[in-house]
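Peer 1: Put chain B on the given structure of chain A with help from the hints.
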Amino acid sequence: GAVVSQHPSWVICKSGTSVKIECRSLDFQATTMFWYRQFPKQSLMLMATSNEGSKATYEQGVEKDKFLINHASLTLSTLTVTSAHPEDSSFYICSARAPSGEVYNEQFFGPGTRLTVL
Amino acid sequence: GESVGLHLPTLSVQEGDNSIINCAYSNSASDYFIWYKQESGKGPQFIIDIRSNMDKRQGQRVTVLLNKTVKHLSLQIAATQPGDSAVYFCAESYTGGFKTIFGAGTRLFVKA
Chain A
1 GAVVSQHPSW VICKSGTSVK IECRSLDFQA TTMFWYRQFP KQSLMLMATS NEGSKATYEQ
61 GVEKDKFLIN HASLTLSTLT VTSAHPEDSS FYICSARAPS GEVYNEQFFG PGTRLTVL
Chain B
1 GESVGLHLPT LSVQEGDNSI INCAYSNSAS DYFIWYKQES GKGPQFIIDI RSNMDKRQGQ
61 RVTVLLNKTV KHLSLQIAAT QPGDSAVYFC AESYTGGFKT IFGAGTRLFV KA
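Heads up: the protein sequence lines correspond to chains A and B, in order. What the first sequence shows, in the numbering used here, is residues 1 to 118, in sequence order. What the second sequence shows, in the numbering used here, is residues 1 to 112, in sequence order.
If you are wondering where the hints come from, they were derived from the structure by calculation, not from laboratory data. We treat Cβ as the ideally placed atom computed from N, Cα and C, and that holds for glycine. Be aware that a few hints might be false.
Subject to a maximum C-alpha distance of 20 Å in a straight line, what follows is the list of computed EDC-like cross-link-like pairs (lysine to aspartate or glutamate) [what the hints assert, rightly or not]:
id	chain 1	residue 1	chain 2	residue 2
1	B	Lys99	A	Glu87
2	A	Lys41	B	Asp84
3	B	Lys111	B	Glu15
4	A	Lys64	A	Asp88
5	B	Lys99	A	Glu52
6	A	Lys41	B	Glu39
7	B	Lys42	A	Asp88
8	B	Lys99	A	Glu59
9	B	Lys42	A	Glu22
10	B	Lys111	B	Glu39
11	A	Lys20	A	Asp88
12	B	Lys71	B	Asp55
Restraint-style ranges between C-beta atoms, simulated for each label pair [as the list claims (entries may be wrong)]:
id	chain 1	residue 1	chain 2	residue 2	range
13	A	Arg114	B	Glu15	28 to 36 Å
14	A	Ser18	B	His72	23 to 31 Å
15	A	Asp65	B	Ser52	21 to 29 Å
Examples of chain B residues toward chain A, derived with CB under 8 Å [to be verified]:
id	residue
16	Gly103
17	Ala104
18	Ala112
Next up, chain A with everything else stripped away, as it sits in the complex (with noise of 0.2 Å):
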């Protein structure tokens, strides 16, 4: 299957710093990614759909302008963690449509980032 990465794997951050996190197709090209956060023991939960060439759709109860997200090509997604809090302590998962996943959505998904603010 097709290849997402993510930069970093971990990052610790004092609070109030932003942290910038990105996403990778290595061997498509994907018009879409989407950005997930979990929490321990927890599913995954849709934050936002990163778009090439537009804005980001956010989820209900996102703050799009705590968590900026940047596709400004087909192979990169980032997301921004901005003025970061404890709270915002998550791991952060990316995922890419296959570009066979326009009717049903199929995703690669990224290894995730461990976001740690002190």
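Peer 2: Using the frame of chain A, we list chain B on its own:
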């Protein structure tokens, strides 16, 4: 965001036994369903999918059953191995939709 945040139910099985993991989905319009396996600290890994025009699909050691009448999905793992220990999530989507919604997940423990 959508999804249900609950503490994960747990299924414990003996190595070599068959495992059955169940999932109830929420949207009657959903027509595409996927099972994912997630190991600790990693992203979800695709296991098997099924579209709503089918009620059963088999892979290598895994079978997915779909009952649209009661909106129920199950994953059967044959001859469960220690390497199958993980959290399993069902997910649903629909034709033309742009979201995949994850279920609560089940933690599978395989006892050697």
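Peer 1: Hint says 23 to 31 Å; check whether the CB-CB distance for A/Ser18 and B/His72 agrees.
Peer 2: Check failed, 43 Å falls outside 23 to 31 Å.
Peer 1: Mind checking the CB of B/Ala112 against every CB in chain A and telling me if the closest is under 8 Å?
Peer 2: Hint violated; B/Ala112 Cβ to chain A Cβ min 24 Å, cut 8 Å.
Peer 1: Can you confirm whether the C-alpha distance between B/Lys42 and A/Glu22 stays at or below 20 Å?
Peer 2: Cα-Cα ~16 Å, so holds.
Peer 1: Tell me if B/Gly103 is really an interface residue toward chain A, meaning its C-beta lies closer than 8 Å to one of theirs.
Peer 2: For B/Gly103, the interface hint holds, since the closest Cβ of chain A sits about 7 Å away, which is under 8 Å.
Peer 1: Next pair to validate is A/Lys64 with A/Asp88; report whether the Cα-Cα distance is within 20 Å.
Peer 2: Distance ~14 Å between A/Lys64 and A/Asp88 Cα, so the pair holds.
Peer 1: For a C-alpha distance cap of 20 Å, please report whether B/Lys111 and B/Glu39 respect it.
Peer 2: holds (16 Å)
Peer 1: Can the restraint linking B/Lys111 and B/Glu15 be considered satisfied, given a maximum Cα separation of 20 Å?
Peer 2: Distance ~6 Å between B/Lys111 and B/Glu15 Cα, so the pair holds.
Peer 1: Is B/Lys99 close enough to A/Glu52, meaning Cα to Cα at most 20 Å?
Peer 2: Between B/Lys99 and A/Glu52 the Cα gap is close to 16 Å, so the pair holds against 20 Å.
Peer 1: Between B/Lys42 and A/Asp88, does the CA-CA distance stay at or below 20 Å?
Peer 2: Holds. B/Lys42 to A/Asp88 sits at ~19 Å (cutoff 20 Å).
Peer 1: Please verify whether B/Lys99 and A/Glu59 have alpha carbons no more than 20 Å apart.
Peer 2: holds (10 Å)
Peer 1: Measure nothing beyond the straight line between the CA atoms of A/Lys41 and B/Asp84; if it is 20 Å or shorter, mark the hint as holding.
Peer 2: holds (18 Å)
Peer 1: Could you tell me whether the CB distance from A/Arg114 to B/Glu15 stays inside 28 to 36 Å?
Peer 2: holds (30 Å)
In terms of the numbered hints stated before, the structure departs from hints 1, 14, 15, 18, listed from lowest to highest.
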